[in-house]
Amino acid sequence: LVSQALGSARDSPAFTRQKRLAEIAEMIHTASLIHDDVIDVSDMRRGARTVHKIFGNKVAVLAGDFLLARASVLLARLGDTKVVELMATVLEDMVHGEMMQARAEPDDLLSFEHYTLKNYLKTGSLISLSCQSAAVLSGAQADGALGVAARDYGRHLGVAYQLIDDLLDFTASEEQLGKPALADMASGLATAPALFAARQFPEMAGLIKRQFSQETDLEAAYDFVQRSDGVAKSRRLAEVHAQLAISNVRALPGRDETVKQALTQLCHDVLNRRA
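Once you know that position 62 of the sequence shown is 367 in our numbering, the rest is easy, because the numbers rise by one and skip nothing.
I should point out that these hints are in silico values taken from the structure, not numbers from a laboratory.
We put the beta carbon where it would ideally sit given N, CA and C, even for glycine.
Heads up, a few of these hints could be off.
Computed cross-link-like contacts, SDA-like style, restricted to lysine to any residue with a CA-CA straight-line distance of at most 20 Å [said to hold, decoys possible]: (1) 565 <-> 552; (2) 387 <-> 403; (3) 363 <-> 338; (4) 565 <-> 457; (5) 565 <-> 327; (6) 514 <-> 411; (7) 538 <-> 565; (8) 324 <-> 446; (9) 358 <-> 483; (10) 565 <-> 545; (11) 324 <-> 444; (12) 324 <-> 373; (13) 324 <-> 312; (14) 514 <-> 408; (15) 484 <-> 346; (16) 324 <-> 306; (17) 514 <-> 489; (18) 324 <-> 378; (19) 484 <-> 354; (20) 514 <-> 416; (21) 363 <-> 335; (22) 363 <-> 343; (23) 324 <-> 416; (24) 514 <-> 410; (25) 358 <-> 343; (26) 538 <-> 484.
Computed spacing ranges between beta-carbons, pair by pair [what the hints assert, rightly or not]: (27) 393 <-> 341: 18 to 28 Å; (28) 477 <-> 558: 35 to 45 Å; (29) 362 <-> 401: 21 to 31 Å.
Could you put the whole structure together from the sequences, leaning on the hints where they help?
Printed below as a string of structure tokens:
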């Protein structure tokens with residue numbers, strides 16, 4: 306959709322390369338999910354057993370590594386060094402984000418800036434830089450108006466998606482989520498609703514700093530979030546980012562308004578998702 310919104314005809318060589326780029330991005334995404342489930346010791350994803358639970362950690366790690374290696378080969382075959390640089394940055398960002406999460410100090414856990422940057426590195430970078438790479442393959446300059454518009458569409462869409470994902474942990478059932486509810490807090494992670502709640506209830510800060518490690522911490526933290534406006538503020542922030550993404554769609558030069566409407570609808574779909 307981004308490629309068509311950039312003006313690439315479906316039968317053009319540029320569009321063929323952009324489709325391959327989309328495949329590469331999905332391979333990187335899948336590899337990151339496999340590796341994340343190993344790191345987080347997750348048993349379920351979207352209602353299905355995770356790869357490492359079925360095949361073991363060794364096979365799961367190697368499967369993720371293979372996907373990343375294969376994506377790198379296909380990326381090199383695109384023959385565009387700027388696109389290689391952008392997509393290699395995605396891999397660097399993903400590892401950086403995981404290290405931020407793993408090595409966070411207690412004060413970092415309370416920082417909204419730390420949370421936002423970590424989420425961009427782990428999730429938003431892939432969407433953002435993939436969209437920017439699509440712009441480069443259409444002939445745009447990476448740092449020109451079109452490259453920046455495509456990049457920022459992906460960035461804000463990714464932020465909105467993650468915020469909704471985080472609030473669903475407090476509002477959706479385990480059946481809807483396909484994984485245990487409150488999974489992030491159970492792993493010691495404070496997401497947007499919890500961070501907003503800590504601004505209203507100072508007691509929440511202590512729970513976050515000790516990563517919800519005591520027996521009654523999860524129940525207490527959930528109660529603070531439910532009594533706060535953390536979920537509502539998280540949704541409003543997601544709506545702001547969705548609107549920023551939509552504003553960047555308008556800057557794309559494609560004449561097919563149906564495509565632009567689809568990119569806009571994707572932002573609304575992110576806001577309206579229930580699982």
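Now for the hints, and whether the structure bears them out:
no.	hint	in the structure
1	565 <-> 552	holds (11 Å)
2	387 <-> 403	violated (25 Å)
3	363 <-> 338	holds (15 Å)
4	565 <-> 457	holds (15 Å)
5	565 <-> 327	holds (18 Å)
6	514 <-> 411	holds (5 Å)
7	538 <-> 565	violated (28 Å)
8	324 <-> 446	holds (19 Å)
9	358 <-> 483	holds (15 Å)
10	565 <-> 545	holds (19 Å)
11	324 <-> 444	holds (15 Å)
12	324 <-> 373	holds (17 Å)
13	324 <-> 312	holds (14 Å)
14	514 <-> 408	holds (13 Å)
15	484 <-> 346	holds (12 Å)
16	324 <-> 306	holds (10 Å)
17	514 <-> 489	holds (14 Å)
18	324 <-> 378	holds (15 Å)
19	484 <-> 354	holds (10 Å)
20	514 <-> 416	holds (11 Å)
21	363 <-> 335	holds (16 Å)
22	363 <-> 343	holds (10 Å)
23	324 <-> 416	violated (38 Å)
24	514 <-> 410	holds (8 Å)
25	358 <-> 343	holds (9 Å)
26	538 <-> 484	violated (24 Å)
27	393 <-> 341: 18 to 28 Å	holds (19 Å)
28	477 <-> 558: 35 to 45 Å	holds (38 Å)
29	362 <-> 401: 21 to 31 Å	holds (23 Å)
In the structure shown, a violation is registered for the earlier hints numbered 2, 7, 23 and 26, in ascending order.
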